[in-house]
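Construct all of the structure, not just a fragment, from the sequences and the given hints.
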Amino acid sequence: MPELMPRVSRELKGRVARPLIIEGLIRTGEEIRTALASGADYVSIGDQRFW
Numbered sequence: 001m002p003e004l005m006p007r008v009s010r011e012l013k014g015r016v017a018r019p020l021i022i023e024g025l026i027r028t029g030e031e032i033r034t035a036l037a038s039g040a041d042y043v044s045i046g047d048q049r050f051w
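Position 24 of the sequence shown, counted from 1, bears residue number 24 in the working numbering, the numbering being contiguous throughout.
A hint or two may mislead.
Derived SDA-like pairs: lysine to any residue, alpha-carbon spacing no greater than 25 Å straight-line [what the hints assert, rightly or not]:
hint, residue 1, residue 2
1, K13, T34
2, K13, G46
3, K13, E3
4, K13, A37
5, K13, D41
6, K13, E23
7, K13, L36
8, K13, S44
9, K13, I45
10, K13, Y42
11, K13, T28
12, K13, V43
13, K13, G39
14, K13, L25
Hints listed in this document are in silico derivations from the structure and should not be mistaken for laboratory results.
Quick caveat, the model's predicted, so the values are computed rather than measured.
Here it is in C-alpha cells:
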C-alpha cells in the first residue's frame, strides 16, 4: 500500500483544507520523505528509531 500513498496524498491535498497526516505501513526514511514530498503536512510513525 505505500506505493499508493503518493497518488492518494496528492488527491486528498487538493480536496481538503486541513492538514494531511499520513500514518501506517511506513517503515523507512525514504517512505517518510515520499510522504512529505507528496503533500503530507505530518507523518505519524510508531517506530522509535524515527522519533
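Task: Proposed proximity, Y42 with K13 (alpha carbon, max 25 Å) - done: Satisfied, since the Cα-Cα distance of roughly 12 Å is no more than 25 Å.
Open item on the list: Check the hint pairing K13 with D41 against an upper bound of 25 Å on the C-alpha distance.
Closed with: holds (9 Å)
Task: Pair hint outcome, K13 versus E3 [Cα-Cα no greater than 25 Å] - done: The given pair, whose Cα atoms are some 17 Å apart, holds under the 25 Å limit.
Open item on the list: Hinted pair, alpha-carbon criterion (25 Å max): K13, T34. Please report holds or violated.
Closed with: Holds. K13 to T34 sits at ~14 Å (cutoff 25 Å).
Open item on the list: With the threshold set at 25 Å, check whether the alpha-carbon distance from K13 to I45 stays at or below it.
Closed with: holds (20 Å)
TODO: Would you mind confirming whether the straight-line C-alpha gap from K13 to G39 stays at or under 25 Å?
DONE: Measuring from Cα to Cα gives roughly 6 Å; hence the hint holds.
Open item on the list: Run the distance test for K13 versus L25: straight-line Cα separation, threshold 25 Å.
Closed with: Holds: K13 and L25 sit about 20 Å apart, inside 25 Å.
Open item on the list: Against the 25 Å threshold, does the CA-CA distance of K13 and V43 hold or violate the hint?
Closed with: holds (14 Å)
Task: Satisfaction of hint between S44 and K13, Cα-Cα up to 25 Å - done: holds (17 Å)
Task: Satisfaction of hint between T28 and K13, Cα-Cα up to 25 Å - done: holds (22 Å)
- [ ] Measure nothing beyond the straight line between the CA atoms of K13 and A37; if it is 25 Å or shorter, mark the hint as holding.
- [x] holds (12 Å)
Task: Restraint status (C-alpha distance of K13 to E23 at most 25 Å) - done: holds (15 Å)
Checked against the numbered hints given earlier, the structure satisfies every one of them.
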